[in-house]
Every structure is written in C-alpha cells, then in structure tokens.
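Participant: Chains as they are written, first to last, in the numbering used here: chain Z, 226 to 871; chain S, 14 to 188; chain Y, 51 to 446.
It should be emphasised that the hints constitute simulated quantities derived from the structure, not laboratory data. The C-beta atom is built at its ideal place from N, Cα and C for all residues, glycine as well. You may find that some hints are simply not true.
The calculated EDC-like cross-link candidates involving lysine to aspartate or glutamate, where the alpha carbons are at most 16 Å apart (straight line), are [unchecked claim]:
| hint | chain 1 | residue 1 | chain 2 | residue 2 |
| --- | --- | --- | --- | --- |
| 1 | Z | LYS868 | S | ASP64 |
| 2 | Z | LYS337 | Y | GLU402 |
| 3 | S | LYS171 | S | ASP127 |
| 4 | Z | LYS744 | Z | GLU541 |
| 5 | Z | LYS337 | Y | GLU408 |
| 6 | Z | LYS433 | Y | GLU402 |
| 7 | Z | LYS442 | S | GLU56 |
| 8 | Z | LYS433 | Y | GLU367 |
| 9 | Z | LYS744 | Z | ASP848 |
| 10 | S | LYS161 | S | ASP116 |
| 11 | Z | LYS868 | S | GLU56 |
| 12 | Y | LYS89 | Y | GLU337 |
| 13 | Z | LYS433 | Y | GLU363 |
| 14 | Z | LYS442 | S | GLU85 |
Stretches of chain Y that chain Z covers, calculated by requiring three or more beta carbons in the stretch to come under 8 Å of a beta carbon on chain Z [claimed, not checked]:
| hint | segment |
| --- | --- |
| 15 | 144 to 150 |
| 16 | 220 to 231 |
| 17 | 376 to 386 |
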Amino acid sequence: MSDQEKANTATSRAPVSQRGHLVKMPTDGTAIGALVTVSIDGQDVKVPLGSTILEAAKQIGVKIPTLCYHEDLCIAGVCRICVVEVEGQRTLQAACAYPITSPLKIHTHTRKVRQSRRRILDLLLSKHYGECYSCFRNTNCELQTLAAEYGVDFFRFGHPDKPSSELDNSSYSVQRDMNKCILCRRCVRTCIDLQEVGVLEAVHRGDKTRISTFMDKPLAEVVCINCGQCINRCPTAALGAADPTDDVWRDINDPTKHVVIQTAPAPRAAIGECFGLPPGTPLTFEMNSALRAIGFDKVFDTNFTADLTIIEEGTELILRLHKALVEKQQVALPQFTSCSPGWVKYIEHFYPEMLPHMSSAKSPQQMFGSVIKTYYAKLNNIDPASIVTVALMPCSAKKFECNRPEMASSGYKDVDYGLVTRELAQMFKEAGIELPKMPKSDFDDPFGTATGSGVIFGATGGVMEAALRTVIELVSGMKVENLYDHANILPVRGFEGIRYVELTIPKVGPVPELLKTNKHLPFDSWDWLAGATLKVAVAHGTANAKKVLEDIKAGGKLSECHFIEFMACPGGCLGGGGMPIPTSPAIRAARAKAIYAEDAAYEVRKSHENPAVIRLYNEFLTDGPNGHTAHHLLHTTYTPRGKYIT
Amino acid sequence: MLLTEQQRLKEDIGRLVERYGAERSSLIPVLQDVQAEYGQISEYAMQEVADHLGIHPVEVYSVVTFYAFLGETYQGKFVIRLCRTISCDMAGKEKVARQLENDLGITFGQTTKDGKFSLEWANCIGMCDQGPALLVNDHVFTSVTSEKVHDILQLCRKSFGPLAVHDNRHEEARA
Amino acid sequence: MSANRKGLVTFSTIDPNAALAAAVAKTRAEIIGEVTASKLKGRGGAGFPTGVKWNLAAAAKGDAKYVICNADEGEPGTFKDRVILAEVPDLVFAGMTIGGIAIGAVKGIIYLRGEYTYLREQLESALAKRRAAGLLGPQVMDKAVAFDIEIRMGSGAYVCGEETALIESLEGQRGEPRNRPPFPVDTGFMGQPTIVNNVETFACVAAIFAKGAAWFASIGTEKSTGPKLFSVSGDCARPGVYEFPLGIMVSELLREVGGENAKAVQIGGASGHCVPSSEFTRTLSYEDVSTGGSVMVFGPQRDMLAVAKNFMEFFVEESCGQCTPCREGNAKLLEGIEMLEEGRCSAAYLDELTKLGEVMQLASKCGLGQSSPNAFLSIVSHFQDELMGRTHGLVR
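Here chain Z stands alone, though its shape is the one from the complex (with noise of 0.2 Å):
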C-alpha cells in the first residue's frame, strides 16, 4: 500500500473533501486493464489505472505546477494551480485529484491553461502579504517561485501593502504569519492527518475562511506539540519556527561569555542542502570549523549525550524488567523512549494517564545542557553563569524543550538555545562562510568521541537499535556482532510507520562493572533474564504512536512490548520541523543513507564503550547509572496537560 493510499483508508482523519479519491489499483500491474494510455500533450504515456494526471506527467518528465500538493499529504485540489486541459471538459482539471481511468487526451499548457494559472497566482498574490526581502523564505518559497516562473511582472488584483494579521509568537517553538498563508492547507493536512495532533483547521468560509486553531486562541494555548512538521511543508513562510539567532550572536560577540554548541546528528546531513548540495550529503567536519569560524568557544557533539541516554534509560529498562519479573511488582511497561520533545508533549496532552511509561532519561540535548553547566564547569573551572550552550538541533520542539521550567538542574537553564539546522545555514551565510569549501576538523574534547550508535539518533529506530547493541553486549556478554552483521540490527530500520521486533537473549554473561557502580543495583547476575525473549517497537509520526497507545490500551500485541521507541516526526529527527525546506519521502531516505553510513564508519559503535561516557561515570556520576547523580542531573519528570488548557 503506497503512501497515498493509506492517507485514503476510511480511518484517514482529513474530510472527505480534502482526500484524493483514488481508484483501487490493480494489485496485478499485468492485468488486462491494469494500465491505460493517455497523451499528454502528444506524448503517450502507459500508466497504472488510477494514477492521477500528475503522476502521469512527472512518468514523462512533463511539470506541472502544483501548490497545496504534497507528496506527503492527502490530495486536496484547491489551490487550482495544477489546472490541465483534458479533451472532451467543458472545465479544466487538477491534474493532482484527477484519476485516470480511461484513455484522456490531456494539454498541460494551452492558452487556457497558462490564462488560467496566471490569474490564479494573481488572486493568491492579491491576499499574500510579500516582502520578500524581510522574508525567512526568500529565495527558498513555492509561491515566488511560480511568480518568478509564470512571469508575473504586476500584480493584476492589487498587492497587500500592510499586514493585516497579527504574528502568533506565543510559542517557543512555532510562528504563524497568517499574512503569508494561502490557505493551501497543507498544515491542516500534516496536522490533522498526517500527525493527528489536531490543531490547524480551516475556519468561516468563503473570502472569510483561514486557517486557524480552537477559538482562535495562540499556538501556546492550545495542544500544539511544536513538532514543526507544518513547518516543514508550508510552501510560503506563513509558519515559521522562533527564531534565536540574535541572541546566538550576541552571545557569541560577549567576550565574558563561554559560548558552546552541541550539535546533534541529522542537521549535519541536511544542512547541505541549504547550500545547494543535493539531501544526504553529511558535512559533519566542515560544519565542526565553520561553527569555530563564527565564534562559538566549544564544538561538541550530542552523540556523546545520546550514548549516555543509553546507558541511563537502559539501565531504567532493566531495572523495571527486574521489578516486574522478579520482585513481581506493579510497573509501567513497555517502558517508552523520551529523546523527542514533540512525542513527550504528545504524550502529555493527548494520553497523561500513560506518562508512567515514560523514561525518566532527559533527552540527549538535556542532558548534554546539564553536563556542561556542572562537569565541564568544574573540570575547566568556568563559571557555568557564564557558560551559554546552544543545541544545534532539527527539531523545532527542542526550542520549547529547553524553556521548559524543570530543565534547570544544573542550577542555570541547562540549554540556553535551540537552533535549528534553517537557522545554522543562515548564519552561516549571514557570516560569509561557504559551509562545503570549509576544512575539515574534529568536535573538541572532552566530549567529542562519540560512537556509531549516537548517529543513528538522528533515524527512525536508531534510539532502539542503539539501546538494543548496548543492552544485547551488557546482559550476554557476547559481541553483538556475531549475531548481526557488523551490528547491525536491520529488522529497526526502515520506513514503515510501526515496526515490532522479538529477539531473544541468547545466553547470559557477567553483570558488567559500569552497572555495579551502582549500589543499588538489586541484582548481582542476568540469571533471571536467561532465555528471556526481548519484545520492542518503533514508531515515528504522532499518528503511528496513537496507533501503538491505543493498541496498548486495548491491550494489544504492542502492550506486551518492553520498550518502544516513540519519534514524533516522520523518519525520526531526520525528518524534524527544523530542517531544510522542501521535506519528501525520498529526501527523507537520502538523509538516513547519510546517518548510517556515518554510523558504518565510527571504529566504535556501542554506547557503553564510548570511552568519555565511561570516564564521565569515573570522575563524576560516581554512583553509577540511574544513581542518585545522575537522577538529579540526567532524568526529568512530567506534565500532565491533558487535551484542554484553560
């Protein structure tokens, strides 16, 4: 079932009226009838029945313009840009809603056609408040871009020459210029269908109708989870993310402050293509000097925080394992991951009553916040008041992450900014560096060995394959590559929203010593998880993981997991709301082949054998994982908000 299809499923979320209705396929693509032949501006092309006229054309290379399209989305056809001739209409068609089912004669740019798109693109600029050079957007913004391409040299139905709507800012998080929207609705689409968060609708109607929240109240007040994703697929620049970069440079510019970045790994596989690279193209070493070249004290790398989440939210793993097996007692599991700051808000407001499962662990960016304002701090003897650490992320839930009142348990505000990888690229511009001609050079010490395992953070699964080699290699005592191939655990990987893995632990070997520091530890041997059978999960998109808490509320096979991965955006962190701009499926998966051959090329690839982690747990969480040090320091409560603020 393709993409398109699933968005079409009778448990689809978005109206009927904003759904491509799309004829069943024939499974058997060699069917007699499978395929039809239309012309398409005198070309034939054999396509599948059912296919639209958009995909027909793109089969031949034929472009059509489109606008509230999104390969991601559902078919809605009312942005009308994407109008065609088909022989035998009195009107024109959408080429993206209209399926093909019998053999058409389709004209994609007759005098009808281009009249047509041109005056389309007149109305939506006669609404759409364009200042193009103050814009976030400039150069990079679907609607001038189909200006530039349709020629428009004046605006036939007048031009906007003072906003008329205010800026939402309330969010830490997530912009909204409603002077810039052409109510496309593709954030309604990624909101309500895509994600099932259920924010942006539509409301009024006719000349009135805008995309707007419940009661019209600002995105700070209602059940946004600052995932970003409408973001990532708003074709002008009416949603936005809080952007900190003035601060970042004031920062950086005050020589009494000690400016450090971590920077997490998806960014550095997509930062390249706000330089033009094509997605996919990892500049992990280049970005290390162009971040020294503007300033920034200290390049570290949130790889290191990431192998430190897993040793803290496996070793909670284990020890929820060792209450509910062995001392039989009421524990909350599958226990869930907690590294995405859009699936904890997600959690909070739409299933509170299930926040036990939640790790404790705070998320890499977090932990990484209070390591540096405590241990770092001390070992360079640095005032933390003066330390500003800002987290380069591509996540625009990160931004509210770190404003998060409880998120101070260094005594300061652990992560003062978080930037997103838009943001990077800009100031890098802004500096005059040329981010793919930069030298290459490693993160500093101490926290720049990371290992394999911390890259792969940034995908779908990659949390679960991470905590999996660590755990796999802690409870046997075996290499986990002898049972995968140079470890890796395929079966997590992959694109498929909700994916469930059983592996069972081979044999059992020795408690290993990082544990023991532990004095708590209430066990001093695996013997109970001899033969056991370790049952996980992954989900990313906030849509599959309503689908796994309800299969676990109802009891389901997911609610016999023991741990489940939970990433609130499409793909993982590679497909965050602070990415580069455009987001497809296929620059989803080029960004991933990035990730993993980074994680391929790491000598070390287990969490546990990070040697800065294990030197951090020797000098200074002397009490080992989930001790009393490293609980004040590296876990984190919750909120229940529930569905209603008031």
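Given the coordinates of chain Z, assemble chains S and Y onto it according to the supplied hints.
Facilitator: What follows is chains S and Y alone, placed relative to chain Z:
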C-alpha cells in the same frame, strides 16, 4: 458559566450523542440541537462534543464557523433573519431592515442586551414571490412591511404563543 | 397555452401510491429503463440524465447504497421545491422509494435546508403515515424490498446544494465540495454508491410511473422532456410557481406572469444567466437557457449593477472558500462592481474582470465557482453602457 449550567450542558450533549450515535456524521445534528437549546455553541460545548465523537475541538470549531446557523456567540431567544437576496431586495427589504434596527436598537449581527433578539441577514429563504420575507427562529413571515415589523416583534415579546419555541432556554446560558 | 399554469398543475393530479405500485411490479432494470425512456433530466439545474445516473449507481458495487433527496433549495429565486414538499410530499417520497428499489438502496435521506425547518414537522408526519401504510419500512407494499427515509437538516450554507458538499455535510464536515471524479454514484455518502436528486426530479419520477414514460417524453422538446416548475419572482404582476413544458420561450412565460415590459430576466438564479429583452425569444430548455427553474424578472427601472452587486455579495459569502478562483475571484468581482458603482473602473480593468470570470468558470473546483461569475459576465456583456462611467452610484 455556572457549574450547574455546565453540568446540564454536559448531560445534554451526552444524551444527544447517544440519540444520534457517536460518529462524525452525528456532528451537525448534535450541534444543531445544542444551538437551538442554548442559543450558542460554547467553547465548552465544542470540547465536549469533540470528546464524545473522538475528533479534535478545532474540527468542531471549523464546522461551527462554516455554517450560518451555528455559532459560538450567544444568540437571542428570537433570531430574526431577514432575506437580503435580490427578489426581497427589489421588494423593499431595506425599509424593513431599517425598521427592525430602529425598533430593536441594534444593527445586523447584534443581539439585544436583554438577550431576547438577534438580528441577522439571510441569503434567499425561498419566499421570493412573497418578499420581503424573514424568519423568526423557524417561522416564516412574508410580504413584511415596516408597519408589520412592529406586530411581529410584539408577538415575540409576549414570549408565549406560536413563536415562543425557546421558552425552556435558561437565561444563564448567555454568560 | 392552457388556461391555468399557476401552481402544481400536473403533480397535483398524480397518485403517488399508484406510481409506487406500478414501480414495485417491475424489475430494477425495468424501472431504470422506464426512467431512461422518459428522458428525464435532473431538475436541480445541471440537467444530468436521471436514468444514466441511476444505472451507474445500480451497477456500482457497495456494502450499502443511498438515495439522497437534495432539498437544500438555496438558489436565489427558487422556491418550487418548497411548494412541492408542502403540497405533494408523498410524490417525492414515492420517487425516492422507486429510486431505492432501482439502485438497491434501503436508506433514503432528505437533506432539507435549515431555512425550511418549518416544513419538517409535516414531512415527519407524512413519513410516519407512509410507514403505517406499509409504503415505507421493511416490506414496501408487501414486497420483499425495504426502504425508509430520514430527514436531515442543513444549517445555512448554499454550497451544500452541490451534491458532494451535501454529502460532506451529512458526514459531519464543512460543506466543501469533493474532487470529482469519482462521482457519488460510485463513491458517495460514507464512500458508498449514492444517487443525489432534486426534489422535483423525484416528483417527476413518481409522475412517470403514474402516467408512463411515453407521456412524459411527449411533453417538451426532443432533448428537454416533461413539464417543469418555474419559480417566478421580481417585477411581474403574478409571481409564484408555474408549470410549463420545457422549451417555452421567455416572452411566452413573461406574458403568462404579467412581466411583458421586463428589461431582462435572470434565468437559473444567481448562478444562472441574465437574458436581456433582445433575447426573449430564447427558450427555457437544457439545449438553450438551462435552469433549475428560477426566473427573476427585472422591470425597466431596475439598475442592473445593483442586481449584479446583490448576486456577487451572495457568492462572496456563500463560497465555501477552499479553492482559489472562487474564494478570491468572487471577492475581486465584487470589488470591481464597487469600482463601477463609484465610477472609477477603467475599461481595461473591466476586461481583466471579464477574463477573471472566465477563469473562474474554467478552473473552480465545483459548480458554485464555475457558475458564480455567470450573472456578472452576462450583465457586463448586455448592459455595459449602463454600468460604465457612472456618476450616481446605485439606483434602488
């Protein structure tokens, strides 16, 4: 809103959902009944309905704002909808409109302070051969003249008789 | 022309029970054959052949099928469905039942516009009587066919008269038209095969089964068969509902209703066309001026710009707002009318607006946007002199 009033609304919505079925297709009938009973579909009502039908409150809000007969702001006991479409326009709806505004002391789109009357425009109510025409709640009046406006309003003010379909509405619902 | 044309001339003579009895004695194929033979076309305005529609729905596969009666009579100037529902509701119910038998549906829904809520009670009681009489229910007329009818109310949205918007509304959504194809006969209410027909169409079906397809086809013209109801309003001596055979000339109709001195008539409501007096020899038929039955008469004193403005205000408000040409286009046309009103519209801009109107006709998603510029375009083309260079605003 008073707690008791909210409780009543909650129970009413529960009953309505039971009657029409807990499906998306019941949304509009449920909203229509809430509108008729309470004169508005409040924020709380929208959340409650959304919960019952398993949809997002913003989807309910989206539907409420789409339809002219549904709304989140309180409407009076008597909603007067004067047709403004061409046949009634040619038949002299402007004079009737002016008289309605004068007699009620409000303009179109407003509700009187006592919560009795709301004045709205309607788009063609299908009485084109007998214009100007207006609806008072569900009742239709045709060939309305400016003099007749007074009689219609008097009939409403008696708050009984054929037009008093909303007598059971609680005044607190306005808050 | 016969003496009395006012009111429901034919429909008041039809016995709905006889019609239903005639239909239940036939096979499904025979029923559809009869409807096809009558050459009945949809009375809502679009004029799609009813027999073809039913045949498609009958052939479509589905777990359940639905018969929907479109009683969302919102087209300005149209009120004949209200009269049918008030006076001969059983004809409509019989027509729906026949439709149900024909396509294999057991459920019918009447989507009644919110403005007609006062009709609901009497329609419910008429339905109850039919159930009691065995004309609706698990065994219609003691035959092994089940059919029942439910009334659902609209909530004040003209666009819900568009069949897919109507279905969206029934499904609890905003009344936003769907992409077509597929059509409701294939994927309609709840994704199932559905026929959506106008009130008058169902009444015609009952008439066809009571008096025969040949009788029906003998009335009107070759392509526009049967009697047709017209809702006549505006500047004429005798407004009201009239019945004429399709193919009647505009001038004949005007004579009948006492509107001979009209300067123009608007045929087909706000979404229809404005016919000036020079074209009163045109006929009301699917092949000439097509209409759902609305005829609005404009006397010599009427300001055609005021007429155009009223229509455009209507569409600006009643557009569902999802597609660009209709949402923004109608607002631009209204702005243009205001410019004309103030006497500050250049000929070049009026030309731009005309082209915009044509684009709306071509590129809008549904029939509303495709037809909303009709009135503006026809008024501009016939009364340009009256519209341009204005110094006096609107005349009322």
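Participant: If a hint holds in the structure, say so; if it does not, say that too.
Facilitator: The hints, checked one at a time:
The suggested pairing of LYS868/Z with ASP64/S holds, with an alpha-carbon distance near 10 Å, which does not exceed 16 Å. Proposed proximity of LYS337/Z and GLU402/Y is supported: the alpha carbons are some 14 Å apart, at most 16 Å. Distance restraint check for LYS171/S and ASP127/S: the Cα-Cα separation of roughly 14 Å lies within the 16 Å cut-off, and the hinted pair is therefore satisfied. This hinted pair checks out: LYS744/Z and GLU541/Z have alpha carbons roughly 14 Å apart, not beyond 16 Å.
A distance of roughly 9 Å separates the Cα atoms of LYS337/Z and GLU408/Y; the hinted pair therefore holds under the 16 Å criterion. For the hint pairing LYS433/Z with GLU402/Y, the CA-to-CA distance comes to about 23 Å; that exceeds 16 Å, so the pair is violated. Restraint check for LYS442/Z and GLU56/S: satisfied, since their Cα atoms lie roughly 11 Å apart, inside the 16 Å limit. Taking the CA atoms of LYS433/Z and GLU367/Y, the gap is near 8 Å; set against the 16 Å cutoff, the hint holds.
With a CA separation close to 7 Å, the supplied pair LYS744/Z and ASP848/Z stays within the 16 Å bound. At roughly 12 Å between alpha-carbon atoms, LYS161/S and ASP116/S fall within 16 Å of each other, so this suggested pair holds. This hinted pair checks out: LYS868/Z and GLU56/S have alpha carbons roughly 13 Å apart, not beyond 16 Å. About 13 Å separates the Cα atoms of LYS89/Y and GLU337/Y, which keeps this hinted pair within 16 Å; it holds.
For the hint pairing LYS433/Z with GLU363/Y, the CA-to-CA distance comes to about 13 Å; that is within 16 Å, so the pair holds. Between the alpha carbons of LYS442/Z and GLU85/S the distance comes to roughly 14 Å, so the proposed pair stays at or under 16 Å and holds. Proximity of the segment 144 to 150 of chain Y to chain Z, defined as three or more residues with a beta carbon under 8 Å from a beta carbon of that chain, is not established by the 0 residues found. With 9 residues carrying a beta carbon less than 8 Å from a beta carbon of chain Z, the segment 220 to 231 of chain Y meets the three-residue requirement, and the given coverage holds.
Look at the segment 376 to 386 of chain Y against chain Z: 6 of its residues bring a Cβ nearer than 8 Å to a Cβ of that chain, three or more, so the hint holds.
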